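Visitor: Respectively, the protein sequence lines represent chains A and B. Here UniProt numbering is used: the first residue of the first sequence is 1, the next is one more, and so on. Here UniProt numbering is used: the first residue of the second sequence is 1, the next is one more, and so on.
For the record, the hints were derived by calculation from the structure and aren't laboratory data. What you are looking at is a predicted structure, and each value in this text was computed from that prediction instead of being measured. We put the CB at the ideal spot given by N, CA and C, even for glycine. Just so you know, not all the hints are guaranteed correct.
As the list claims (entries may be wrong) - What the simulated footprint calls covered on chain A by chain B, stretch by stretch (three residues with Cβ under 8 Å from a Cβ of chain B suffice, anywhere in the stretch; the number is not a length):
| id | region |
| --- | --- |
| 1 | 208-220 |
| 2 | 228-241 |
Said to hold, decoys possible - Capping the alpha-carbon separation at 25 Å, the derived lysine to aspartate or glutamate pairs in DMTMM-like fashion look like this:
| id | chain 1 | residue 1 | chain 2 | residue 2 |
| --- | --- | --- | --- | --- |
| 3 | A | Lys238 | B | Asp93 |
| 4 | A | Lys238 | B | Glu127 |
| 5 | B | Lys106 | A | Glu216 |
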Amino acid sequence: MTELVLPTSAAASNEAAEKKPATASRRRNGLAYWQAAPMAFVFLVFLVVPLVLTVVVSFWQYNEYEIIPAFTLQNYADVFEGCLSLSEPCTTVRTYLSTLKFCLLAWLFTLGIGFTVAYFLAFQIRSRTTQMVLFLICTIPFWTSNVIRMISWMPLLGRNGLVNETLQRMGLISKPIEGLLYSDFSVVLACVHLYTVFMIVPIFNSMARIDRSLIEAAYDAGATGWQTLRNVVIPLCKPGIAIGSIFVITLVMGDFVTVGVMGGQQIASVGKVIQVQMSYLQFPMAAANAVVLLGAVMLMILALGRVIDLRKEL
Amino acid sequence: MNVELIRLTKRYGETTAVDAIDLKVPSGAYCCLLGPSGCGKTTTLRMIGGHETVTGGEVVIGPRAVGNAPPAARGTAMMFQSYALFPHLNCRDNVAFSLKMRGLPKAERHARASQMLDLVQMGHLAERLPAQLSGGQQQRVALARALVTGPKVLLLDEPLSALDPFLRVKVRAELKRIQAELGLTFIHVTHSQEEAMALSDLVVVMNGGRIEQAADPRSVFEKPATGFVARFIGGHNVIRLPGSEIAVRADRMRLGSEAGPEAVPARVVSVEYQGTSVHVGLAPERTDDGAGPLTAIIADEAFALRPLALGDAIAVGWDATAAHRLHG
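Start from the sequences, fold in the hints, and give me the full structure.
Guide: Structure below.
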């Protein structure tokens with residue numbers, strides 16, 4: 001990035017030196033602020049303000065019919081109520097464990113599938129055109145809404161759905177498999193279906209930037225296919241893997257629709273808890289939960305940052 | 001180890017990149033494959049190195065035909081045009097890469113990598129990442145990486161083309177030194193005749209997938225086999241005579257009173273001062289017999305005694321002894 005910026009700024013400063021140096025550079029600085037302004041404005045309005053409001057509201061009091069703008073820590077105390085006893089985990093801990101389980105499973109599968117698909121696109125397809133066509137095909141499911149994509153699993157996975165019927169007709173099973181739908185399995189399946197593309201895109205992007213002669217150099221050095229994958233391709237894909245992982249982790253951690261629909265409204269998740277509290281108008285309570293969730297996700301991303309130094313890699 | 005190519009052919013669909021070439025490179029020779037882009041020289045190199053499948057013919061390295069063996073099994077190592085250093089590994093790990101692939105313990109591969117880095121005078125920068133090195137330094141690391149497994153044949157794909165002219169001359173000398181020191185067979189692809197002349201024991205001039213001439217640099221320059229070779233290596237005038245074609249070295253052209261009996265009238269169209277000599281471009285007055293532009297190289301003192309200016313008319317000829325007959 002800096003290398004790209006340097007020549008232009010050098011050229012600009014040369015230009016500035018010809019005119020009155022001080023005013024020109026001040027004008028340039030002013031221009032840079034204006035150029036950054038729209039993005040900063042979007043950030044402010046759509047990220048900073050709602051976040052600050054959430055944090056503020058999480059410290060407010062409430063009763064059945066109103067929110068009282070007065071400071072209290074009660075909401076947080078309620079979130080962690082009974083969590084100090086180790087023998088019997090509290091609701092919050094159990095909810096987080098369940099959400100983390102979905103998160104981990106979805107992450108593992110999206111990473112596995114995403115990496116494989118990206119690898120196939122980047123290294124097995126020679127022609128750029130075919131690459132782009134196949135890449136676009138990967139995004140076709142996104143032409144419909146999340147909910148439709150989820151609901152479309154139901155005729156397949158239901159008790160008398162396509163999968164069970166087919167297996168029965170083939171004589172492989174005598175009675176329908178329970179738990180294809182409205183189970184952990186269907187939640188993970190839907191998450192993987194919905195979010196794999198968020199893995200494919202950044203990993204493919206990293207892979208497309210790998211110089212093909214590096215692969216040849218590895219082959220020349222006697223590396224087998226697996227050795228090349230482990231020692232060259234994966235290290236160079238780390239930024240893509242990290243970005244994809246952040247996408248998937250944040251999406252699954254905050255998810256309540258998929259868990260709700262695919263879990264038959266029976267499975268707990270942090271997002272679901274917040275949504276339920278919102279529907280009972282317990283906004284301060286929901287806000288406190290949201291702040292805790294935000295903290296948890298931030299910690300996960302920080303941990304990921306420990307493994308991969310994103311700032312260095314980009 | 002000596003390298004032999006027997007009717008080596010590479011076809012991509014309908015197009016023939018390398019057309020049944022035969023070549024013998026003796027052990028310990030510095031061989032340059034020289035030619036314009038698209039002449040098949042890089043494809044030939046890649047087939048020797050096992051990076052390109054062979055359509056027909058054989059590559060023989062040392063005592064045996066290598067068939068489709070992978071590079072590591074051939075005893076060859078390749079230095080890539082863009083160096084292809086692994087950007088995520090420091091110099092030492094880049095050099096030690098192939099040792100790691102062979103499962104050598106860390107201490108041993110680091111020791112051998114350091115030794116190789118010292119050979120190319122890069123030992124002090126072993127911890128740096130490739131992005132933190134200059135082009136010349138990257139090139140040396142790439143050389144160390146290629147040499148670390150002790151290959152018998154080193155293949156270099158335009159190794160100097162990314163360097164600036166001053167560095168190119170310096171690194172060229174270093175390549176030659178290392179080749180002589182290690183006694184390896186080097187096969188070096190280049191499109192620069194100057195580079196080929198300076199480095200090689202054996203110059204292989206290629207054109208259109210075929211070898212035009214393979215000989216030591218002096219023979220190539222003194223006795224170019226074809227008009228293409230004479231034109232490509234430069235410093236020659238290719239002159240069509242009735243029934244034959246000859247090449248005359250530009251510095252053996254004679255002007256004015258020395259021009260001799262076969263002299264033709266010509267006009268000066270360019271004068272380029274080169275320091276030790278002056279290149280004079282000449283256009284023959286009569287072009288109906290297909291005579292093209294000629295170049296005469298005149299020593300600077302001789303030119304100073306009898307200067308020429310653009311548009312001057314002068315007779316041009318050559319020593320009969322300097323004329324070399326071309327085939328085809």
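Visitor: Check each numbered hint from earlier against the structure, then list the numbers of those it violates in ascending order.
Guide: As far as the earlier hints go, not one is violated by this structure.
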